[in-house]
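**Q** Sequence:
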Amino acid sequence: MASEQMAEGREGTGPLPPARPLDAIDQDILRMLQADGRASIRSVAERVHVSRANAYARINRLVEDGVIRGFGARVDHERAGHGTSAYITLKIVQNTWRTVREQLRQLPGASHIALVGGDFDVLLLVHTPDNRALRELVLTRLQAIPEVLSTRTLLVFEEEDLEPQW
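First residue of the sequence shown: -15, per the numbering used here; consecutive thereafter.
Hints are computed from structural coordinates only; laboratory data are not their basis.
Some clues are possibly wrong.
[Said to hold, decoys possible] Dumping the calculated SDA-like pairs for lysine to any residue here, alpha-carbon to alpha-carbon at most 20 Å:
hint, residue 1, residue 2
1, K75, S95
2, K75, R85
3, K75, L133
4, K75, E131
5, K75, R89
6, K75, V106
[Claimed, not checked] Pair ranges (Cβ atoms, derived):
hint, residue 1, residue 2, range
7, L107, D49, 23 to 31 Å
8, R116, A3, 38 to 46 Å
9, L17, R119, 32 to 40 Å
Glycine is no exception: its CB is placed at the ideal position from the N, C-alpha and C atoms.
Given these sequences and hints, build the entire structure.
**A** What follows is the structure, encoded as structure tokens:
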């Protein structure tokens, strides 16, 4: 498989090809790999009833097309020492999304960043060791970004990652 490309992502490799429709086999492969990113080509091929060469080619195409962005571990943040999670909403100066996004990527514990429409501009998910670290992140790091006009912190009491349904 294009392991270097998967490990490094597609950044800097040029524009993605146009999106192609996924057939039932592609969708089955995606479901399998989401459940077990370490599944072997052989086991994928057997479960979706195609040859190993076909499974290999399909997975490579899904990676090259940017459908599969990489493989990784699903982490229990609490057991990994980051027991405090929060969604933070941000209002930012108009037309500063790219600048703000780059700064948010550098924050310790940042897990998900989204530009959204509505009452605020950005939704940020963070995982921190405790409330003190969360307070430091919000009051010192986030509010020091000049383009951030305001923040609102929503403490997560319990969370569960859902498997996407294809």
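**Q** Against which earlier hints does the structure fall short, listed by number upward?
**A** Nothing - there is no hint that the structure violates, so all of them hold.
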